[in-house]
Amino acid sequence: MIDNLITALGAEFVQLSLTPIVIGILGAVACALPGNFLLLRRQALIGDAISHVVLPGIVVAFLVTGTITAVPMMIGAGCAAIVAVIVIELVKRLGRVEPGAAMGLVFTTLFAAGVLLLEITDTSSVHIDVQHALLGNLESLIWFDAEGWQSLLDPAALATLPPQLPRLAVVLLGIVLFITLFWKELKISTFDAAFAEAIGIRTRALGFALVVATAIAAVAAFDAVGSIIVIAMFVCPPAAARLMTNQLGRQIGWSVVFAVISAVLGYVFAGYGLGWFGSPYAVSAAGMIATISGIILLLACLFGPQRKRTGQRAEA
Amino acid sequence: MSFLDYFISALFLQAGYNSALVAVGAGLLGLAGGGAGAFIFLRKRALVSDAISHATLPGVGIAFMLMVALGGDGRWLPGLIIGSAISSGIGLLMVEWITRQTRLTEDAAIGAVLSVFFGLGIVLLTIIQTMSSGRQAGLENFLLGSTAGMLISEATTIAIAGALATAFVFMLRRPMTLVAFDPEYAATTGINVRHIDLAMMGLALIVTVIGLKIVGLILIVALLIIPPVTARFWTNQVGPMIGIAAAIGGLAGYIGAVFSAAAASLPTGPIIVLVAFGFFVFSALFSPLRGGLASALRHWRFQRRVHRRQGLLALARREPIYDGFTLRILHQSGMIRPDGVATLRGKAASQKAAHDEARWAMARRILPDDSAIERYDGLTPIEDMMTQDQIDEIDRVIAEQTGAPA
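Taken in order, these protein sequences are the chains called A and B. Note that the first sequence covers residues -13 to 302 in our numbering. Note that the second sequence covers residues 32 to 437 in our numbering.
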């Protein structure tokens, strides 16, 4: 038994599975953290919108720079996300359009523009395609130079880690910092915007900062894990956590736990699940992580201790 | 044949039976989408259709696997449509269930359902890719839509289903209008609001599953959202808005399909969406009712009137005018000479403005409750807003107080 575990977690595991799992966890947590606030502010679908508009940003960045290196891509994606947020506001204000419809209008149009740009410009040689955009390439983020757990202490091997890993780690750190530094302000303005305004918190600026943090998380995770996980992680772990507790701090804790479980179980099931049925193939890890997060949410909907609205009689 | 020639011949349905059928099908689809979308838009539930559309994917996958298991090649479109309808129906019910049974809000339910169903669908697609039997090629076209290489039978299926959906929207337009516009009133007239809501969402579901092949599941939601938002710029009434939305959707579908028939390498869905967005931008700029140009024009006219009025009042009081814009307007309308001295016309107009101002000031004192006082914008001549009797009365009081005849 223990021997089996040691083989399962041996050198091959470190080389092929450790980095994707860690990247999956980092991405899931980076999205779930701001997701908590979006959920409470009834902006859960901002993550959906942003992950769609990332595509045209990346395509334009490629057309402008001619390279697929990470930095211009991320700048392009981030700009697109911010442009989208501004255009949504414009449509809402100038056209006096309801927020949901304004969002739907803007993100579908930008996504359509991105797809069309991809098709009419010759980007097929490059590996930005729609499939990749949706699914990411978590499975391929392997650590070639790893020879076992001892490689974790070997600077030469560590230098060959997939670049997505340190990038996501930095983004996650930034988001944790943002939430810790502005904890009080975020909390007050989320639950009582009018009161927050009254005691001098700049709620609009803070709201915009939150959206920017969301966009950064979305863009960083998008590159590694694709847009499905991004959308699922913005919504599912925080939503499930919301049904577990009435307290914001604990809700965030639960959402992190759920995000980690989704990432780990999703990756393991995707890689080995079919194998248990005797098939040599693997399925999409991104899709599986989203599916697991959905199952967790379903369980929380059925059994979560705080699943009812306050004042609503619990059914016997 | 050049692209333009092909485009024009396709536009008039002369580019072959298949592309004509696709164009008509896409047009009908847009018609139904715009119509159904208008009700959903008025009911403020536009993004529920986003969940519905993403929830089609697992159904497509399962239907494909089932059909392969039963010995087919798995690509029979009606079968895939039925599968997608069932799974998006389940997705819709999940959104309803989560919103009703838990304290999560609707947007969270929508986000959860769309991402999880989509993820599950992707998992199923990757399983299908590993299957040796069945012809899975083309399944990923359901993501973004494609009409290239569409079979005649598929085009026919889409055209017929689109016509049926359009007829369905037309039949249900009265109860849906009532519910969308005023659900409380609709309930008092004996309409079951919940059933109509479900029918509305059912229509969105039908439009979505028909549109899968042409527009693709990620973008189909645009056909339900963009036309009604666009139509809203042209009218304030529910009936015409639904008609306009349907027309815009129909045109977008038709023109987009024709366009992509002429340029076969381009995916159809994005083009249809961008055509619809073109209508939106045009409306947002040029609609006389709420368009940007119209309101900019209104603002500009108002500004001119304010400057003109203030300039004339200054002339009447013999005060110097420094504002360049005011001077320019007065000069343009012949009220002052280039050196700033009032012309005869200017003197007459300024006296009239001063007189009008005095009358309004008095009106505020002796008729404070008159509705004209509340509506007064500070610019309109009093003759346009009050009756001659009222003005005579005002003049009489002014004459009494100043001792001069009116």
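Since the hints were made in silico from the structure, they are not lab data. Certain hints may be false.
Said to hold, decoys possible - Partner residues are not named here, just some residues of chain B that face chain A (Cβ under 10 Å, in silico):
| no. | residue |
| --- | --- |
| 1 | E137 |
| 2 | P259 |
| 3 | A307 |
| 4 | L344 |
| 5 | A345 |
| 6 | I413 |
To be verified - Simulated pairs of lysine-lysine, DSSO-like, Cα-Cα distance not exceeding 30 Å:
| no. | chain 1 | residue 1 | chain 2 | residue 2 |
| --- | --- | --- | --- | --- |
| 7 | A | K294 | A | K170 |
| 8 | A | K294 | A | K173 |
| 9 | B | K378 | A | K78 |
| 10 | B | K75 | A | K173 |
| 11 | A | K294 | B | K383 |
| 12 | A | K173 | A | K78 |
Note that the structure is predicted; figures quoted are calculated from it, not measured. Glycine is no exception: its CB is placed at the ideal position from the N, C-alpha and C atoms.
Do the hints match the structure? See the list:
{"no.": "1", "hint": "E137", "result": "9 Å, holds"}
{"no.": "2", "hint": "P259", "result": "7 Å, holds"}
{"no.": "3", "hint": "A307", "result": "8 Å, holds"}
{"no.": "4", "hint": "L344", "result": "34 Å, violated"}
{"no.": "5", "hint": "A345", "result": "35 Å, violated"}
{"no.": "6", "hint": "I413", "result": "33 Å, violated"}
{"no.": "7", "hint": "A/K294 <-> A/K170", "result": "26 Å, holds"}
{"no.": "8", "hint": "A/K294 <-> A/K173", "result": "22 Å, holds"}
{"no.": "9", "hint": "B/K378 <-> A/K78", "result": "47 Å, violated"}
{"no.": "10", "hint": "B/K75 <-> A/K173", "result": "28 Å, holds"}
{"no.": "11", "hint": "A/K294 <-> B/K383", "result": "69 Å, violated"}
{"no.": "12", "hint": "A/K173 <-> A/K78", "result": "26 Å, holds"}
Consistency note: the structure conflicts with the earlier hints numbered 4, 5, 6, 9, 11.
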